[in-house]
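Asks: These are the residues of each chain, in order.
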Amino acid sequence: MSKVLSFLRIVGRIARVRPRFVVGYVIVLVAILAGLLAPAIAPYSPIEADPTQFLEPPSWKHLFGTDAVGMDIFSRTIYAPRIDLTIAVVGTLLSAVAGSFIGALVGYYSTGRGVRVWASYAVMRAADVLQAFPVFVFAIALVASLGQSIQTVVLAIAFVNAPIYLRLMRAQVMSIREMRYVEASLVAGLSDLRTIMRHIVPNAMGPVLAQLSINVGWAILLTAGLSFIGAGVRAPTPEWGSMIAMGFQNVVTGQWWPSVFPGLALAITVFGFSLVGLSIEVVADPVKRRALVRDLARVSLCAAPGAASLSAKSTP
Amino acid sequence: MADRVKGAFDRLDRRQFLKTAVAAGTAAAAPEVLGVTKALAQGQANTLVIAAPATPQGLDIEFDVSLGSIDSLGALYEYMLAYEKIPDPQDPNVQREDTGVHPDKKYGLALRGRLATDWEISNDGRKATFKLRDGVRSNWGNLFSAEDVKWTWDRKFNLKGQGIFQTSVLGLKSPDQVKVEGPMAISFNLEKPSPILLKQQCNLANPIYDSKKIKQVGSTDDPWGVKFLQNESAGFGPYRLQQLTRGQQAVFQARDDYWDEKPFMKTVIMREVPTSASRLSLLQGGAVDIAQFLQPREYQSLKGNPTVVFDAVNASYMIWLELNAKIKPLDNVRVRQAMNLALPQEEIIRTIYYGLADPQKAPMPYIYPMANLDYYRYGYNLEAAKKLLAEAGLPNGFSTTLSYNAGDPTQEPIALLYQTALRQIGVEIQLDKLPAGVFYENVTKRQKPIIFYLDSPWTPDPGYSMFLYFHSKSYVDYSNYENPKVNQMIESGLETLDDAVRKKTYDEVQQMVMDEAPWGFIAYPKYTLARKANLKGFTYYTSNNLRFQDFKRA
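Quick mapping for you: the protein sequence lines, in order, are chains G and F.
Per numbering that gives the first Met the number 0, residue 0 is the first one in the first sequence, and the count goes up by one each step.
Per numbering that gives the first Met the number 0, residue 0 is the first one in the second sequence, and the count goes up by one each step.
Be careful, since some hints might not be right.
[Claimed, not checked] Just a sample of chain G residues kept apart from chain F, beta carbon distances all over 10 Å, derived:
#, residue
1, V3
2, I31
3, F53
4, F100
5, L154
6, R233
7, G253
[To be verified] What follows is a set of in silico ranges between Cβ atoms, one per label pair, in the way DEER data are often shown:
#, chain 1, residue 1, chain 2, residue 2, range
8, G, L32, F, K327, 57 to 67 Å
9, G, D284, F, R349, 41 to 51 Å
10, G, P201, F, R445, 31 to 41 Å
11, F, T244, G, L145, 29 to 39 Å
12, F, D259, G, A143, 43 to 53 Å
[Stated by the list, open to error] Looking from chain G toward chain F, a few residues come up when the C-beta cut is under 8 Å (computed):
#, residue
13, A48
14, P50
15, A183
16, S184
17, A187
18, Q248
19, D284
In short, the hints are calculated from the structure, not lab data.
Backbone N, C-alpha and C fix where the C-beta goes; we use that ideal spot for every residue, glycine too.
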């Protein structure tokens, strides 16, 4: 109990010095909970059309209104994280794992001589080529060639994001591999692979973790974008991008709700993941972390009895 | 100068800056829209500006029947005959072709001469002779003659594009059957009588070309002017093409040397505006005279607007589902019938079309002579559908795929309504959204179990229509339907001149087709045109295209 209280106290302090972080976590938590609890809280089926209720404006019966075929927008909006978050998280994790692993190898072998160096060079040039294409166009091409399905969208996300992690990890590994403890592990007889996995990668994960949350946000946008143009998930699967696409033409004739509500949900969720990413970046970056700790300490001092006078005295 | 610019920037506050930036951005983003507005603002009452979903892809009917192309054809080309015009029975502001059967008129049809001034059909119905109009010049200044008609039909035989269907439906087997009978006379000589010989002369797919011009520009490797007619025209119609920039605009100029009444609209600008919402906004803002192909709900938003109106007339359009008769379990008639019983026609018309369509109850356009709606035996009845599925050995339903066109915004919602209805009888359909660019390729391949199709047979005749969609040798029999008796009866009706006998034949054909349900019968969408209230003269044609020469400004 005391541990929980202590945790909550820290969260409270962080909320005071960096309120946006808490906002981010709350948004992400709500999105996850909405997806998980959707079957229990959604008043209607997210995939059943009801032609007697088409384009009904928001009301107590249909909180977010209904779309052109009478599907309940609220139910579909809260079901959508199941698809959007799953695709985004799985796609991003795949890209992070694959990109980081290859990046670690490339970084470790990027100096010296021999085939390995050439292989590292080739991998980096391949990543250059991949990143030269606009991400969205590249994703469309992948979906078009592999066929339209959720798995393909996941693969597309993994593919377009992998070079980011590859570069991040490579840069980290290149600096860490010169450290004394890495030399020590090699001298102790550990193989290259074990040295990389046990001593280098764990110390190089900070920026990758920070990037992870930001990338989930991007991946949600990419999924929605693909669905918006009809290359993502199939109708009537509840997904924010396809919901916006199905409703956007109604805006001109005054029925704004079929696209505005999923649009808001999408924007808020991506914003939430971005804030979470920012918080991880702060924790991972020693300079930013020190600033946060300093701010937290100041809040603690302010909260303590006599803090005002202490604070006044310490102010030059 | 630099100081003056700097001073102007210094005086610019944030709000002014934002206003300027928004104005500049709008101007940069929509130069076309501003251009259109400017053209109209210059007081050109004789300029017709049309917001179209697409500019013509090509101008050769042999290979291109896209929307922009068919609108261009009626302006650039002239035809041998045309139907007389009558007021639309439901909307007196609209004219339409009189395609009915008129026993009191010559050959039972209300026709008027265009390039032909007179026409005679032999007693056995196998030979039709046309006297041609003197003094008609093409947009290249060449005089019209029988050679042009002959060359036009020879071209169909040689290119084997859509024109080959036009020859086969008439029973023409060789170019020699079209004979020049003199400088201004031509005859069609058939092996068997054809009741549609005159009707085919009005069909938009049969324009007459200026053969002299095409022979002049055509090279030895392109004697039929395929390359030339992609981007140019050589016809005897009231307009000439002034500019065609695909993806942007097509401009047509009225011809001063046109043989008939000169068009009121001297210039016609067809602007490509891909999204219907933008076309609607342009019309409401007064930037265009006509906004084509809006969404049904968008037409509703025009109600009560004093400056913009829309006309909706019964049309030859049909939208249906091709139930592929060669793919299991749709090869079973009972399954196809069940699929029809689960189609919520009325709900689709109310929800998706907002009443701008009628339920499809015949396998041909309901506005055509001899269409019989009495054989429709379905209607939304899930219990009956389940029973039929059980009889077909599928009591638990089945799974299949429904493919639809991403470019047609009505198809996805129809598919969703249908999917919900089918789920209740145990049929699970996966929706397969196909990009517009590959959709028709998929239709023609005939490999999808169920696929949408929207089409209209241009000749208002039951034989033409039934041959097109249900004769197993037709290239448009996309449902793979094959019934030798239906084939034989369609052919027999196309060789009979007696309308009473034809009606009996086609009644039976319609009944058989309706019973065997190769289609999922959905709707007859209306032809709908949103226009400025001061624009008059809209005429509906069964080829569902505009003819710019019809329009006048009040």
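Asks: Could you run down the list of hints and mark each one as holding or not?
Replies: So, going through the hints one by one against the coordinates:
1. Distance check on V3 of chain G: its Cβ is at least 46 Å (rounded) from any Cβ of chain F, clearing the 10 Å threshold; non-interface status holds.
2. Every Cβ of chain F is farther than 10 Å from the Cβ of I31 of chain G; the closest lies at roughly 28 Å, confirming the non-interface assignment.
3. Interface exclusion of F53 of chain G from chain F breaks down, the closest Cβ pair being 5 Å apart, not more than 10 Å.
4. Distance check for F100 of chain G against chain F: the nearest CB is about 35 Å away, which clears 10 Å, and the non-interface claim stands.
5. Residue placement check: L154 of chain G keeps its beta carbon more than 10 Å from all beta carbons of chain F (closest about 19 Å).
6. With a minimum CB-CB distance of about 5 Å to chain F, R233 of chain G fails to clear the 10 Å threshold, and the non-interface call is violated.
7. With a least CB separation of 7 Å from chain F, G253 of chain G falls inside the 10 Å interface cut-off, contrary to its annotation.
8. Checked against the given bound of 57 to 67 Å, the beta carbons of L32 of chain G and K327 of chain F, roughly 44 Å apart, lie outside it.
9. Distance hint check: the CB atoms of D284 of chain G and R349 of chain F are about 59 Å apart, inconsistent with the given range 41 to 51 Å.
10. Distance hint for P201 of chain G and R445 of chain F: a CB-CB separation of about 58 Å, inconsistent with the stated range 31 to 41 Å.
11. Under the hint 29 to 39 Å, the C-beta atoms of T244 of chain F and L145 of chain G, about 36 Å apart, fit the expected range.
12. Roughly 49 Å separates the CB atoms of D259 of chain F and A143 of chain G, a value that falls within the hinted 43 to 53 Å.
13. Here the hint on A48 of chain G is kept, as its CB sits about 4 Å from the closest CB of chain F, short of 8 Å.
14. The criterion of a C-beta within 8 Å of any C-beta in chain F is met by P50 of chain G, whose closest approach is roughly 4 Å, and the hint holds.
15. About 58 Å separates the beta-carbon of A183 of chain G from the nearest beta-carbon of chain F, more than 8 Å, and the hint is not met.
16. With a least beta-carbon distance of about 53 Å to chain F, the hint placing S184 of chain G at the interface is violated under the 8 Å criterion.
17. Contact between A187 of chain G and chain F, as hinted, is not supported at the beta carbon level, the nearest pair being about 57 Å apart and thus beyond 8 Å.
18. The criterion of a C-beta within 8 Å of any C-beta in chain F is met by Q248 of chain G, whose closest approach is roughly 5 Å, and the hint holds.
19. Hint status for D284 of chain G relative to chain F: violated, with the closest Cβ pair at about 34 Å, above 8 Å.
Hints 3, 6, 7, 8, 9, 10, 15, 16, 17 and 19 from the earlier list are contradicted by this structure; the remaining hints agree with it.
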